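Visitor: Sequence:
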Amino acid sequence: MSHASEPQPVTASPGTPLRGALRPPGDKSISHRAMIFGLLSIGETRIEGLLEGDDVLRTADAARALGASIERLGEGRWRVKGVGIGGLSDPEGVLDFGNAGTGSRLMMGVVGGQPITATFDGDASLRKRPMRRILDPLLRMGTQIVSEAEGGRVPLTLRGPAEAIPLTYETPVASAQIKSAVLLAALNAPGITTVIEAAATRDHTERMLRLFGAEVAVTPHGPGGHGRSIALTGQPTLRGTDVIVPADPSSAAFPLVAALIVPGSEVTIHGVMMNPLRIGLITTLLEMGADIERLNEREEGGETVADLRVRASRLKGVDVPAERAPAMIDEYPVLAVAAAFAEGTTRMNGLHELRVKESDRLAAVADGLAANGIDYVIEGDDLIVQSDGSAPRGGGTVATHLDHRIAMSFLVLGLASREPVTVDDGAMIATSFPSFTPSMTALGAAISG
1 MSHASEPQPV TASPGTPLRG ALRPPGDKSI SHRAMIFGLL SIGETRIEGL LEGDDVLRTA
61 DAARALGASI ERLGEGRWRV KGVGIGGLSD PEGVLDFGNA GTGSRLMMGV VGGQPITATF
121 DGDASLRKRP MRRILDPLLR MGTQIVSEAE GGRVPLTLRG PAEAIPLTYE TPVASAQIKS
181 AVLLAALNAP GITTVIEAAA TRDHTERMLR LFGAEVAVTP HGPGGHGRSI ALTGQPTLRG
241 TDVIVPADPS SAAFPLVAAL IVPGSEVTIH GVMMNPLRIG LITTLLEMGA DIERLNEREE
301 GGETVADLRV RASRLKGVDV PAERAPAMID EYPVLAVAAA FAEGTTRMNG LHELRVKESD
361 RLAAVADGLA ANGIDYVIEG DDLIVQSDGS APRGGGTVAT HLDHRIAMSF LVLGLASREP
421 VTVDDGAMIA TSFPSFTPSM TALGAAISG
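Note that the sequence shown ends on residue 449 in the UniProt record's numbering; no numbers are left out.
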């Protein structure tokens, strides 16, 4: 259960300005959830713009194994016929999620609330990732852990109860995955389950629950109302519906930052989701002096989307507050690249969650910066990048640790550094942005491998 046995190095080189337009892949978070809610609904769900990366396809395979009828109608177009809450069946084999942390954790919530037994596994990277904080609330809801690898990691086998136990649960860290796992398990719980989070995290699960017919009440919580209390009325009848998946802001981050740092560039990025809980990177880049225009704002699939016109900009260092982390947790690696071109000091505060992603992203980013002659300091969970505003040296080879965002971030660096940058393996980029290389080369980027 691993990626291609032979690494596939990829190199990005400085060259001409980036010009043109592109639409990034569909949002990964919404793509996972569309498949899962299609499974849990009665009737037919049609999905447009689904991200057809490996992570989402693993979730589709798992939904199929649990009883859904799933058909691909064309590029990004899928039809899911669900079995409804309580209608899932034991899968015949292991649910192999590859490198998909989101898919595996959300589906643990699904299985943990249903009267079925299923085994979860994944690749070498997923086997290292902690699952205990997902399992802890599920145990309180009646889920049984039949078997598990050391430390609550996969491979693990879960058995759900006839009915989940409703509860009030305060998440120990700001994590949409923990919140979503509890809410998905609570779909088969009588009464009301409440999840309390001290800092608001991405709210796609709540939005999609409403879209499919569940009753969800969201209220501010805690000092200043920065947290949320989410109350779900259990055992609803979810109805299949149409879902339009907007472009993923986490994927849009790579061409966006590339256009800012490659001199003379002007790029338009179409259909990007502008959910306030997902645009921390754009907020930060604007503070750094980025020239980003929001055009043609509109509603698609319950989310606000816009086209972004991005022009090369002279950036300056800023202090990024820790409370912004949930709105941009996946974008810190590429923000670190932007910071390498920003005059002054950029301090990114409170990055503990980066240590438990596909890799220890904080360490991986630091190693990549060092390999390319970029000044940085790590103080606790803070990353500090210093630059005089000129292009960094580059010329390094970056260890990706099977992490797609590390790979793409440092390829973006190579498009504007003085010397080319190589990543040791680009195979896993397909998990979230299968068309990354052809999309970027169409804009004029020099990427080969």
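Treat the hints as calculated values from the structure; they're not laboratory data.
One thing to keep in mind: the hints can contain errors.
[To be verified] Between beta-carbon pairs, the in silico distance windows are:
| hint | residue 1 | residue 2 | range |
| --- | --- | --- | --- |
| 1 | Gly15 | Asp360 | 57 to 67 Å |
| 2 | Glu419 | Pro115 | 56 to 66 Å |
| 3 | Val173 | Gly224 | 14 to 24 Å |
| 4 | Pro190 | Gly344 | 17 to 27 Å |
| 5 | Gly264 | Ile42 | 36 to 46 Å |
| 6 | Val377 | Ile165 | 42 to 52 Å |
| 7 | Glu6 | Pro276 | 37 to 47 Å |
| 8 | Thr11 | Ala124 | 16 to 26 Å |
| 9 | Ile165 | Glu287 | 38 to 48 Å |
| 10 | Glu287 | Glu92 | 44 to 54 Å |
| 11 | Glu92 | Gly264 | 28 to 38 Å |
| 12 | Glu419 | Thr117 | 49 to 59 Å |
| 13 | Gly389 | Pro115 | 55 to 65 Å |
Note that the coordinates shown come from a computational prediction; the quantities given were computed from them, not determined experimentally.
Built from N, CA and C at the ideal position, the CB exists for glycine as well.
Visitor: State, for the Cβ atoms of Glu6 and Pro276, whether the hinted interval 37 to 47 Å holds or is violated.
Guide: holds (42 Å)
Visitor: Per the hint of 38 to 48 Å, is the separation of the Cβ atoms of Ile165 and Glu287 within bounds?
Guide: Holds - the Cβ-Cβ distance for Ile165 and Glu287, about 45 Å, lies within 38 to 48 Å.
Visitor: Hint says 36 to 46 Å; check whether the CB-CB distance for Gly264 and Ile42 agrees.
Guide: At roughly 54 Å between Cβ atoms, Ile42 and Gly264 fall outside 36 to 46 Å, so the hint is violated.
Visitor: Determine whether the Cβ-Cβ distance between Val377 and Ile165 falls within the hinted range of 42 to 52 Å.
Guide: holds (47 Å)
Visitor: If I claimed the Cβ atoms of Gly15 and Asp360 lie 57 to 67 Å apart, would that claim hold in this structure?
Guide: violated (32 Å)
Visitor: Tell me if the beta carbons of Val173 and Gly224 are separated by a distance inside 14 to 24 Å.
Guide: holds (19 Å)
Visitor: Do Glu92 and Gly264 keep their Cβ atoms within the hinted range of 28 to 38 Å?
Guide: 56 Å Cβ-Cβ, so the 28 to 38 Å window is violated.
Visitor: Are Glu287 and Glu92 spaced within 44 to 54 Å by their CB atoms?
Guide: holds (52 Å)
Visitor: Lying within 56 to 66 Å: is that true of the beta-carbon distance Glu419 to Pro115?
Guide: holds (58 Å)
Visitor: Confirm or reject the claim that Gly389 and Pro115 have a C-beta distance inside 55 to 65 Å.
Guide: Between Gly389 and Pro115, where Cβ atoms are some 60 Å apart, the hint holds.
Visitor: Does the beta carbon distance between Thr11 and Ala124 stay inside 16 to 26 Å, or does it fall outside?
Guide: holds (24 Å)
Visitor: Please check whether Glu419 and Thr117 have a Cβ separation lying inside 49 to 59 Å.
Guide: With Cβ atoms ~54 Å apart, the hint holds.
Hint check: violations occur at hints 1, 4, 5 and 11; the rest are consistent with the structure.
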